[in-house]
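Chemist: Spelled out, the chains give:
Protein chains: 4
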Amino acid sequence: MEAVVQLALQAASNEIGKGLPADYIPALACADPTHLAVAVTDLNGVTYSAGDSKERFTIQSISKVILLAAALHYAGFEQVFRRVGMEPTGDAFNSIVRLELGNIRPSNPMINAGAIAVASCIPGSSVQDRFDKVLRYARRMLDSPQLDFDADTFWSESETGSRNYALAYMMEANHVIQGAVPSHLEVYFKSCSLMTNCEEISFLGALLANNGISPRTGEQLIEAKDVRVIRALMTTCGMYDYSGEFALRVGFPAKSGVGGGIMGVVPRRLGIGTYCPALDQKGNSICGLRAMEYLSDSLDLSLF
Amino acid sequence: MEAVVQLALQAASNEIGKGLPADYIPALACADPTHLAVAVTDLNGVTYSAGDSKERFTIQSISKVILLAAALHYAGFEQVFRRVGMEPTGDAFNSIVRLELGNIRPSNPMINAGAIAVASCIPGSSVQDRFDKVLRYARRMLDSPQLDFDADTFWSESETGSRNYALAYMMEANHVIQGAVPSHLEVYFKSCSLMTNCEEISFLGALLANNGISPRTGEQLIEAKDVRVIRALMTTCGMYDYSGEFALRVGFPAKSGVGGGIMGVVPRRLGIGTYCPALDQKGNSICGLRAMEYLSDSLDLSLF
Amino acid sequence: MEAVVQLALQAASNEIGKGLPADYIPALACADPTHLAVAVTDLNGVTYSAGDSKERFTIQSISKVILLAAALHYAGFEQVFRRVGMEPTGDAFNSIVRLELGNIRPSNPMINAGAIAVASCIPGSSVQDRFDKVLRYARRMLDSPQLDFDADTFWSESETGSRNYALAYMMEANHVIQGAVPSHLEVYFKSCSLMTNCEEISFLGALLANNGISPRTGEQLIEAKDVRVIRALMTTCGMYDYSGEFALRVGFPAKSGVGGGIMGVVPRRLGIGTYCPALDQKGNSICGLRAMEYLSDSLDLSLF
Amino acid sequence: MEAVVQLALQAASNEIGKGLPADYIPALACADPTHLAVAVTDLNGVTYSAGDSKERFTIQSISKVILLAAALHYAGFEQVFRRVGMEPTGDAFNSIVRLELGNIRPSNPMINAGAIAVASCIPGSSVQDRFDKVLRYARRMLDSPQLDFDADTFWSESETGSRNYALAYMMEANHVIQGAVPSHLEVYFKSCSLMTNCEEISFLGALLANNGISPRTGEQLIEAKDVRVIRALMTTCGMYDYSGEFALRVGFPAKSGVGGGIMGVVPRRLGIGTYCPALDQKGNSICGLRAMEYLSDSLDLSLF
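Chains as they are written, first to last, in my numbering: chain F, -14 to 289; chain Y, -14 to 289; chain E, -14 to 289; chain W, -14 to 289.
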C-alpha cells in the first residue's frame, strides 16, 4: 500500500501548476499550491501517507459530512430530512435559484444551503453549546483530539459570507429553518473553519468505509444506517457539479472542500485523503482528483 | 370633478367583498376591507375626495417612489442607476432568481430588491440621519408635515422580512450594495411603514404630474428630469406583474402598495389616490384598480 | 419639420461605425451599416424624410405590431389574449425559460413566442390564405400596395429558425397554440420577411398615432380600442430588454426590428421611422435610437 | 432465489392500488395497474421470476440505457459526450430550462433531451438504417430475438411529443445536434416504443452486472469501460428526480420507464426487472420501487 500511495502522489504531482487556490478569503488565498499529500487508511486503522500529509488546512465543505453525521446523531433522520432533500442538483454549490423556483427545501446536505439547514438541526442551549457538540463529534470522527477551528478563517468566512446569509434568510422565509439565522451560520462557518490534515480525513474516510465503526478503537461512532445515507449522498452530490463525472471516472463516495482536501470512501475497503490547494473551475483540488483517479484505477476501487 | 370622484367611488364600491387584505403582518391583516377612498388633486393643488379619504394606512410600496426621488435628489442619477436597472421584469415583487441568473443588479427601483438598492444610496452619517432625510423629503412630497412611520408596522416588517434580508445579502454578495445590510433594510422598512392617506397620495400624484413643482407652493420639489425618470419607471414597472395590463387598461403611471393605496399620475393634468385594503393575487387593491379604470375612461386619461 | 428631420439624421450619423448588422442570415449580414434614414409622417399624412429613406430592408420584429393588429382585427381581443399575456419580461426576445417556469402562455406579443402565438390566431382555410390576410392588411397599414415578403429571407429564417421551432413546440406542449406548428411558423417567418422602407414605417407610426385612422385616406384601418392596446404594449415591451430605458430616455411607444428599422408612435402627434442596420447588443439600431432620442428631445415628444 | 423473488412480489403487491398508469397516450393509459412482476437474472443467465413476468409493455425510458450503449458502441465516448453531459440535474425528465440558462448541452443521457442527443449520434445511411442498428443491438442486450417496437405507441408518442420536439429544436439552435431533427426523434420515439417484458429487463440488468458479457452466451456485448459509464450514470441520474433518494434507500444502479418497468443492476452479482404500470408523481412504478427496496434489504445489495 505504501508504494501505491507513493505512486498516487507522483501521478498527482504532474498536475502541479494547474489551477489556483480559492481566493475569497486571505487564509485560503495564501495557501501554497505546490503542497501535496495523499493518505490511505485501511480498516485496521493503519494510515499510509505521502507528501505534506500532516500540513493543516481548513476542512471547508468536507465539514458538510461531519455536520450531516452530527445532525443525524443528535436530531435524527426525520428532523434532518424534513429540512433538506436528497437529490443532486447540477447547480453550483451556492445557488439560490432553486429555493425560489423549485422545492422550498434545499436540494441536499452537500450544497451550502443544505448544510446550513442541517446545521440548524443541531440542538443545544446556546450557539456555543451547539458548536461544541459538532466539535466533540468531529474530533472523534477525524481521530483528532486537538482539532479546533481557526479564528481568522471563521472571521473571514463570516465577513465574506453574504451569499450564505442570503441562502439562510431565504430558507427562513420558506420556513425551512427556525431560530436565529446568525446562530446557524456561526455553527456552519465554524465547522467550515476546522483545521485538519490529509491523514485525518483519510481516517474519516476509513470510518465511513467501516460502516461507522472506528477502525482504531472498534467503537461505533456513527450508526450503520446513517453511514449508508452519508455514502449515498456523497456519491450523488459530494463533488459539486462534477459529482456525475467523478462517479463515472473514479466511482466511490467522496467529498471535496475548497481548502484543497478531498475525502474518499471505499465501502468495506479503505478511506482516502488528498490535499493540494490548487482548484479547478468547479472548486475541486486538481491534484486531488488525479490522485483519486490513480488509486481507483490501480486498486480497482470503483463501485460501478 | 367632485361628481366624477364620487362616481369613481361608486364604481369601485361594486368590487367590495372581493380580495383580502395583506396578512403577513398584523397591522395590515386587521385593516377593514370595506373602507374605500378616492381622491384627485389638480394642478392648482385642489384636492377632491370621497369616502374614507383621511383614513391613515401604511404607504408600503408607494414609498418606492419616494425613495427613488430622494436618492435621485441626494445621490444623483449616476449613483442610483449604477446599483439598479431600468427594465421591467414580469417577476413577482420579491423575486431573487434574477439576482443569480440575470444581471447582478436588481432590474428596477419598483421591486423590493431595487428599492433596497436605492435606499442604500441615500447618504448620511448614521441610519437615523439617512432615514431623517427620507422622512423630511417625504413630508414635502406628500404635503404632510406630521408624516411619520408606524413603529409597530416597522417592527413587524423587520421581523417577517427574511425574504428582504435574503435579497439584500444577495446584492451585497454581488457587490451591488455596500455598507451594513441591516442599516439599508432599516431605511427601507421604515419608509414602507409611513402612515399616509388617500388625499396625500393624490397630492404626490399631482406633484409628479406637475413636473415636480408643488401645485400648492409652486416650489420645485423634484427636478423635472428626475420626474420624467420616475414617471417612465412607474409606467413600465409600477403595478407589480400587472404593470403591462394596467398600461393597456388604464394607461398612466401608477404605483400601488400592499397597504391598499394606489397613486396615479396623469402628466400635466392631475394626481390620483385610491385606497381600499382588499388586494388581488398580484397585490393590487381591487377597488383601487376599478376606480383608476373608471377615472381613465370617463376623463380620457390614458396616454396610449 | 424638414429641418428637424435633417438634424435628427445628422445627430444619428455621429453613431455610424458603432455596432454591427445582425448576422444570423445572409440577407441581414450583407446590409450596409453606413446606410441611414429618418422619416416623420404627420397626421395629415405628409412624410418628411432624410437619408436612405426609400431603401428596402426586412421589417423583422416590427411585423409583430402588424401581426397583433391583424389578429385583433380577424380574431378579436379575447382569442388573442387567451394565448398571450400583456406583461413585459426583461428576458431576451427569444427566451424559452418562462414557458416552462412561469406562465404557460408567452408573456406578451412583442417577443418571438408571443408573436408566434398571435400568428396562430389568424384564421384561414390554408396557410396561404392566412398569410394573404396578413399581407393585405400590412399593405394598407404601411400604405404600400406592392409590399411583399423576400423569398430568400423567408427561406433563411426558416432554415435557421430552430429556436423559434422550439418555442412553438413548447407552446403546443402547453396547449397554447393549436393546429400545425409549421403553418404558424410560416405565417410568422413570412411576416418577418416583408420588405419595407423607412418612410413606410413612419406611415405606420402615424396611423397608430392617429388612433387607427389613415392620415391619408381617413379610413379607420385599425379600431381605436385595438390601437390603444398596441401602443401600450409597444411602450412596455417594444424595444426588447431596452424597453424600460427607452421609455425613460425617449418616452413614446416604439418597436424595433433586427433588420435595422425602428417605428415610433407619438399618440395624437406623429409617426417616426428610422433605419440603419448596425445594431447594439440588445438588437436595436444604434443610429435609430439616437435619432429617436434627438426627435424626442427637440420636439418634446416624451409622454412621461 | 426463487423464494426471495416470490417474497419481493408479495411485498410489492401491498402497494397495489396506489398511483396511476401514465395517461398521455392511450397505449399507456389502458395498462392494468394491478399487473405485477419481479424477475432476477443471475450471472449464470438463469432467470427467476414471479407474477406477470412475460407480459409485454413499452420499455419507455429504459431505452435510454440501450441508446447510450448503442451510441457508445457505434459512435464512441468522445462523440457522445461532446453532445451530452454527465451530471445529474434534479430537474424533471423533460425540462428545457437548463438548455437556455445552463450548459447548452443536455445534462446527462438519462433525461429526454440527453437521450435525444445520444440518439443523434447513432450513425447510418437513413433513419431506417439507424433505428435498425439500435433494434439489432437491443435484441441482443435484452436477449429477445423477436423484439420490436409497437407501431401504435410510436405513432402516439410522435403525435403527443411536442415537448420532445421543443427539446430537440432547442438543441439544434444550440448546435448540439445536427442533421434533421425529425429523424433523431424518430429513432428516439421508436426506441421508447420497444415492447419488452420483465424477464428481459432483468437479463439486461444481469448483462450490465456482468461487465457487458452475456451471462448466457459469454459474448462481450458491451465493452467493460462503457458498462462502467452506464452504471455510474444510472446511479446518479437513472430514477428521474428520485435518483438521490433511490441511491440512499436502495443503493444500486437502476433505470425506470413510465411504461411501468424498472431495471436494476447489482454490479458483479445480478440483474433485476420489475413491472407494474401504476406510477408515483415522479414517474416511477410504485410496486417496482417497493420490490427493489425489498430485494436490496433482504439480499444486502446496496453499494453504499
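These are computed hints drawn from the structure, not numbers from a lab. Don't take each hint at face value.
For identical chains, the list gives no copy identity; a pair is met inside one copy or between any two copies.
[What the hints assert, rightly or not] Below, simulated EDC-like cross-link-like pairs (lysine to aspartate or glutamate); rule was C-alpha separation at most 16 Å, straight line: (1) K210 with E278; (2) K118 with D137; (3) K210 with D282; (4) K3 with D17.
Chemist: At 16 Å max between alpha carbons, let me know whether K118 reaches D137 within a copy, between copies, both or neither.
Modeler: neither (21 Å within a copy, 38 Å between copies)
Chemist: Give the relationship of K210 and E278 under a CA distance limit of 16 Å: within one copy only, between copies only, both, or neither.
Modeler: between (28 Å within a copy, 14 Å between copies)
Chemist: Using 16 Å as the alpha-carbon threshold, which applies to K3 and D17: within, between, both, or neither?
Modeler: within (13 Å within a copy, 46 Å between copies)
Chemist: At 16 Å max between alpha carbons, let me know whether K210 reaches D282 within a copy, between copies, both or neither.
Modeler: Answer is between: at 12 Å across copies they meet the 16 Å cutoff, but 28 Å inside does not.
The earlier numbered hint that this structure contradicts is number 2, and it is the only one.
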